[in-house]
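Peer 1: Here is how the chains run, residue by residue.
Number of protein chains: 2
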Amino acid sequence: MRINAHWQAPSRTLLGPGPSNVPPPVLAAMALPTIGHLDPVFLELMDETMDLLRFVFRTENTLTFPVSGTGSAGMECAFVNLVEPGDSVVICVHGVFGERMCDVASRCGAEVTRVDAAWGKAIDPDDLRTTVAAAAPKIVAIVHAETSTGVLQPMEEISAIAHEAGALLLMDCVTSLGGVDVRLDDWGVDIAYSGTQKCLSCPPGLAPISFSVDAEAAMDARQCKVASWYLDVSMIRNYWGQERAYHHTAPINAIYGLREALRLVAEEGLEARQARHSRQSRALQAGIEAMGLGMFVAPEYRLPSLNTVRIPEGADDATTRAYLLRRYGLEIGGGLGPVKGQVWRVGLMGASCTEENVLFFLLALEQALKAQGVKVGSGVAAAQRSWDRETE
Amino acid sequence: MRINAHWQAPSRTLLGPGPSNVPPPVLAAMALPTIGHLDPVFLELMDETMDLLRFVFRTENTLTFPVSGTGSAGMECAFVNLVEPGDSVVICVHGVFGERMCDVASRCGAEVTRVDAAWGKAIDPDDLRTTVAAAAPKIVAIVHAETSTGVLQPMEEISAIAHEAGALLLMDCVTSLGGVDVRLDDWGVDIAYSGTQKCLSCPPGLAPISFSVDAEAAMDARQCKVASWYLDVSMIRNYWGQERAYHHTAPINAIYGLREALRLVAEEGLEARQARHSRQSRALQAGIEAMGLGMFVAPEYRLPSLNTVRIPEGADDATTRAYLLRRYGLEIGGGLGPVKGQVWRVGLMGASCTEENVLFFLLALEQALKAQGVKVGSGVAAAQRSWDRETE
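Protein chains in written order, with my numbering: chain A, 1 to 392; chain B, 1 to 392.
Keep in mind that the hints were calculated from the coordinates and are not lab data.
Take these hints with a grain of salt, some might be off.
What the hints assert, rightly or not - Only part of the chain B face toward chain A is listed, based on derived beta-carbon distances under 8 Å:
#, residue
1, 9
2, 14
3, 39
4, 52
5, 107
6, 203
7, 217
8, 221
9, 222
10, 373
11, 377
12, 381
13, 382
Said to hold, decoys possible - Cβ-to-Cβ under 8 Å is the rule here; a few derived chain A residues that face chain B:
#, residue
14, 3
15, 12
16, 22
17, 268
Stated by the list, open to error - Straight-line Cα separation of at most 30 Å, DSBU-like style, residue types lysine-lysine; simulated pairs:
#, chain 1, residue 1, chain 2, residue 2
18, A, 340, A, 370
19, A, 225, B, 340
20, A, 375, A, 225
21, B, 121, B, 340
22, B, 375, A, 225
23, B, 375, B, 340
24, B, 138, A, 225
25, A, 121, A, 375
26, B, 138, B, 370
27, B, 225, B, 138
28, A, 340, B, 340
29, B, 138, B, 121
None of the values given here were measured: they were computed from a predicted structure.
Note that CB positions come from ideal geometry on N, CA and C, so glycine has one too.
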């Protein structure tokens, strides 16, 4: 077995659906010496991490902490703690992650009723209203930022419908937290989870999660044990809370990294960060359209952190992405499910969301398409005009 | 909210039940730039990681990979994939982690039958034989190295009993892998999981796991879906296998760290590493006994990587540990469950398992006890004689 003792990661510009590029201070924090999970110094760091998570989630929920797994573990933690076998759950499906919710909730024993929207569209509140009236759900679940389609779901009306029906609102904000406006308390979100490797620009491995007082009450009222020992919040909260009771060994260095990533978010400010994501996404869209390509999602529902671009005629999906990666070290994502081969997914998340990267992407894509004989214009001037307009 | 932008981890000598001290090259690997989870360069790294895991597990099992969670997620992954509701499972309980297995397996719907041994003792094969004959289990589960008691369980006879009864053998080797002899194929272990923060000296966050061909067949024969989406090996194996199908975003940087930690194990060699763990543990035991203190476990069952020391009369558990941490930056563990307040758990794991640390611990403990007015001798000369004997 020959294992290279001097392996170095290649240089990559990460403009895919996540992970995004991780800033050097976050990487440096990941490499600080490991200390014990019950060390008083680490317990302080946990408190700071929870405070910072409340800040980015815009919530006062006490029960706000990072799950020891990736974003999908966050999804599972949300459902497995709230759902008991036979519970009615309404799930809004407008992409892969809504589909995943149905699978996860079903495995928890939920009676799942779906509300579907076409890929690339948002959920129609009227459809949800009708379904909720019939299903009388305990939980309404929805993806705020669909990473598979690039749709940003407006939340206020969804929330009103869920709460009027007496349901808890569960929201996936994996691709919005830290890059797009997310307001748990203003929106009345009862359970929200995210990932670290998107707009927070931290390596993957943790899933920030938050539970409202109502969600805590629903968990306390459970009749049967949570099916997952590892994700059982009734025990985990005694480690993150004041009891500090050992449950499982926390992923120490990942939490070092998350704390630093969140600190950088706080340093930039949420509004400034959201404005940056919007500004760069608008420039990218302007460039794409100037090249003669089209966006997949209607303007009013476009997600700044994940931009879905229609693959033009004559271009091959895999060839283009391989060209970008090999020639430029530039990663973008392919489509999933029904839009595989039809769209590219271009992430502008956290530290990856810069003017430099937008320009680099537009130029690199132009070259990749021309190499395949696809005639396109240049997007650079249009992107430049977009930035100029915003700074006037 | 005031968050220190220049936080540094305190200097700690980690001689508790894990995490152990992480070598600088592993920390450096954790800080390499994050790349995509489908990047061809990362896929190669995954293959190397799997090869290295097979090497340390001493197995040829194809299905050998790190679960994206801590050691307890490994335990849950093992049970949730093998157990279907109503399955008979015999679980050997001789400490906290056997107890935890019962809880985890029950949540998966197993009909659990226990075989108990007193804390500090190994499981008696005759007890297992009797229980297995009555319970006709699908799985026999056992902890190889009980982190809560410091007992190393002999495996050969346990394995024979399980296989004669047609059961699969499931083994927890969280605190043995990489420090103590572990042989999946020779011992006929069908499912084994571990953690990274013990004898592998990697930060916590991943759980190496391995499934035999028979375990794979049992999973393929399942009638119902695995209750956990996140830990469903029927999907995860398509990412770690040749299909490379996206399931969840792998914890990239944690895998960088694990690969480097495993590379260091391979560089040292398994035999040399095991000999080192035995040698330092013997010296520590000699020192402890020379001080006039006692070990909790009988000599033939002592686990080199986790040494349980009886707390002497007149010494306070918490006071002693706080003294060691504050005065010397030295972490050891307290007892759990029925031995809380009766024993200390002194880990000698991976990079923490050095002659220097044994001496440091013996001297520091002596001071901590004297500060409480407890009369003890010095353990240093006895430890020194132990090392001298071995190098003669």
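Peer 1: Hold the hint about residue 22 of chain A up to the distance rule: shortest CB distance to chain B must be less than 8 Å.
Peer 2: holds (5 Å)
Peer 1: Can residue 377 of chain B be said to touch chain A, with a Cβ gap under 8 Å?
Peer 2: Because about 29 Å separates residue 377 of chain B from the closest Cβ in chain A, which is outside the 8 Å limit, the hint is violated.
Peer 1: Is the shortest C-beta separation between residue 9 of chain B and chain A less than 8 Å?
Peer 2: Because about 4 Å separates residue 9 of chain B from the closest Cβ in chain A, which is inside the 8 Å limit, the hint holds.
Peer 1: Take the C-alpha atoms of residue 340 of chain A and residue 370 of chain A, compute the straight-line distance between them, and say whether it is at most 30 Å.
Peer 2: holds (22 Å)
Peer 1: When you check the alpha-carbon spacing of residue 138 of chain B and residue 225 of chain A, does it fall within 30 Å?
Peer 2: holds (23 Å)
Peer 1: Go through the hint on residue 39 of chain B and say holds or violated, using the shortest Cβ distance to chain A against 8 Å.
Peer 2: Hint holds; residue 39 of chain B Cβ to chain A Cβ min 7 Å, cut 8 Å.
Peer 1: Holds or violated: is the Cβ of residue 14 of chain B closer than 8 Å to a Cβ in chain A?
Peer 2: holds (6 Å)
Peer 1: Quick one, is the residue 382 of chain B hint okay against chain A at 8 Å, beta carbons?
Peer 2: violated (28 Å)
Peer 1: Under 8 Å is the threshold here; is the Cβ of residue 381 of chain B close enough to any Cβ of chain A for the hint to stand?
Peer 2: This interface hint is violated because 30 Å lies over the 8 Å limit.
Peer 1: Using Cβ atoms only, decide whether residue 52 of chain B comes closer than 8 Å to chain A, and label the hint accordingly.
Peer 2: holds (7 Å)
Peer 1: Take a quick look at whether residue 225 of chain A and residue 340 of chain B sit within 30 Å of each other, Cα to Cα.
Peer 2: holds (26 Å)
Peer 1: Between residue 121 of chain B and residue 340 of chain B, does the CA-CA distance stay at or below 30 Å?
Peer 2: holds (16 Å)
Taken one by one, the earlier hints fail for this structure at numbers 7, 8, 9, 10, 11, 12, 13, 17, 20, 22, 26, 28, listed in ascending order.
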